[in-house]
Amino acid sequence: MTKLLDREPVALVVFSAVILLMPLWLTPLGANYPDLLQKFAIFAIFAMGFNILFGLTGYLSFGHAAFLGVGSYAAVWSFKLFTMNVLPAIAFGILFSGVFAFLIGYVSLRRSGIYFSILTLAFAQMCYNLAYSVLTPITNGETGLQLTLQDPRIIDRMFGPAGAGLPSTNFFGLPMSGYPGFYFCAVMLIICFFISRRIFKSPLGLTLLGIKSNQNRMNYTGFNTRPYTQTAFVISGMFAGLAGSLLAVTDPLAGAERMQWTASGEVVLMTILGGAGTLIGPMLGAWLIKYFENIFSAFNDATLEQTFSFLPEPLANAAVAISGLFVGEGWHLTLGVLFMLIVIFLPGGIMEGWRRLVRWIGGGGGGKAKTESAAVAQPAE
Amino acid sequence: MDALLLQFLNGLDKGGAYALIALGLTLVFGTLGVVNFAHGALFMLGAFCAVTFNKILTLEKVVLDPEQKTAWGTPLEIRTPYVEAWLGDFGAFLLNYSVPVSIIVAIPVMLLIGVVMERGLIKYFYKRPHADQILVTFGLAIVIQEIIKHYYGANPIPQAAPEIVSGSADIGAWFGLAGTIVYPWWRLVFFGFSVVVIGAVFAFLQFTTYGMVVRAGMRDSETVGLLGINIQKRFTVVFGLAAVVAGLAGVMYTPILPPDYHMGMDFLVLSFVVVVVGGMGSLPGAVLAGFMLGILQSFASMNEIKSIFPGIDQIIIYLVAVIILLTMPRGLMGREGVMEE
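Line order of the protein sequences matches chains A and B. Take the first sequence: its letter number 243 is residue 439 in the numbering used here, and every next letter is one higher. Take the second sequence: its letter number 111 is residue 107 in the numbering used here, and every next letter is one higher.
For the record, the hints were derived by calculation from the structure and aren't laboratory data. Take every hint as true, because none was put in to throw you off.
Lysine to any residue pairs mimicking SDA-like chemistry, simulated, CA-CA at most 20 Å apart:
1. Lys123(B) with Leu542(A)
2. Lys145(B) with Leu521(A)
3. Lys302(B) with Gly337(A)
4. Lys123(B) with Met536(A)
5. Lys276(A) with Gly356(A)
6. Lys119(B) with Met536(A)
7. Lys119(B) with Leu537(A)
8. Lys145(B) with Glu525(A)
9. Lys145(B) with Leu534(A)
10. Lys145(B) with Gly526(A)
11. Lys123(B) with Phe541(A)
12. Lys145(B) with Val523(A)
13. Lys302(B) with Pro333(A)
14. Lys276(A) with Ser373(A)
Covered stretches of chain B (in silico footprint by chain A; criterion: 3 or more residues with CB under 8 Å from a CB of chain A, positions within the stretch not fixed):
15. 140 to 152
16. 315 to 322
Note that this is a predicted model, so its numbers are computed, not measured. Even glycine gets a Cβ: it sits at the ideal position worked out from N, Cα and C.
Construct the complete structure from the given sequences, taking the supplied hints into account.
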């Protein structure tokens, strides 16, 4: 089974089937609506890109949301200036975030370990603060960058007059909202999976793994590691830019809060939760977080009372009071607790848990899984 | 000239807060080798100690007075805080001085929180990679923050400084230039307070035997352990001390910045930058960088400078951090061999 999955065409077909059939198999889980599905695909791309830097190369960036924001802004500007077609928008998103990542990476990658984290954090916070203040002509400050009726949209105007009202984003005429939007994101996700899988198996990927496990030794063998880390950083930034522009594609609005460091923290969470350094772990992490965010934040006291109505009243009241902390507004609390539990007990994330489970079933319950848990993420120091 | 001096003063109180938080972060890092992302949450908890203390003091006794009627014809409610009803003038004094007095409450509470946190969680992360430490304390910070948000709401809760220092000081008058430099008293108090606390921490480390052992442990905990000293226990106490320092900063900062649940995170990011600029593991470096960045930030927010470099006030700290990290790899006063291979 696993051997079969190692073969590229098989892996791709299986992966594509799983992604494209998401509306089907997510229905029983109550997650089959386009907005959420789009988020699943987009944040999977974001986490996958982050994983190339953190999971594969071992550099913990705390400023990755900056690239997401840059991608969003570039895409919205492409909608405003040129055309509502989404292809130029994502092209611009990737291009700009790539250039941006190159510049920031060029500076930040001079240092490693926690210094690298602080440098990326500093750059991301600078972008965030500037987007709110001086760069308001480009970012439209707190309101966020939106489409307006006065936008030039040069290319669209060449083919016909602007209609009344705001146009929607489209893929050669197909509007990118609802399910078509999801399928577009899904195709992007499949392409990204393919690229990321290729990187994992390539000599570049192996080099990056080598840098993660011991950068000094790599240097001693005569390897100049900088070009490789730089490449990883740029690729990872481009993935984030793509995710950002897809966010703009599904909803043409870009706000600076996307660049805040809490957003960077979220992608770290996703990657860790799923399992850093594994191919599909980060994607699973992204799905899980977005899924629970959606489910948990929809709960309120009324639904809770209904859930616990089978208990005797004092017990039910207590249960509602306690669980009320964790749902609705307090969903972040659940996230924090979950996150702590994962880091404490299962540093390899979901994928590690899966491996342990498989070994436990296969090995007849020999619980000596700890010996091989060295595959957990370690920062480059 | 007086504008410059005013900005300098403005920087001092913010710098004091940065320095206090950064000092705790560095202490924890230097002793336990743990990068604590929950330190900002401790600062916030300190601020909420003051809020809670004030809330308890202002619990009111409501007496209906049937003799007097309000405009709506209902009996007039006479509200008196219990402390005033029970303790009279002393109660009123307590209410007035609730922020400084809550220091007395905050010290044991923060010490307890710090020790519980260290024994309950941090202890298990000494040997884990720094990334894991960052992540788990980040998770803890989210948890603390959300709990506070649940019980105190999302809005800032303003706290009043004692009346005697609620006005502004005419500092210019001290130098014979009356009316030129007017500065809020409480900010001066906060600056003085931060200097005293920093001095106390340094004195503790420098002039007591306990502090000497801790310093030795920072250099080489293994050898100290071999000499038969339970260094781990002392490090736990140091963690508690760091929590107290952060908490006190939080308590005293409440009249300047009304506390809300995310103030810890806001300060943490900046304090981390401060620690790295000062040099990981260097206590004087943390204090120096804290004041330096606070003052720089304040100068950058002057209109004259903003008109030359628009937006500089927003990014100055990060910009300085980037420049320092790239030119001085160990920060201002970093020691060799800390956070390196």
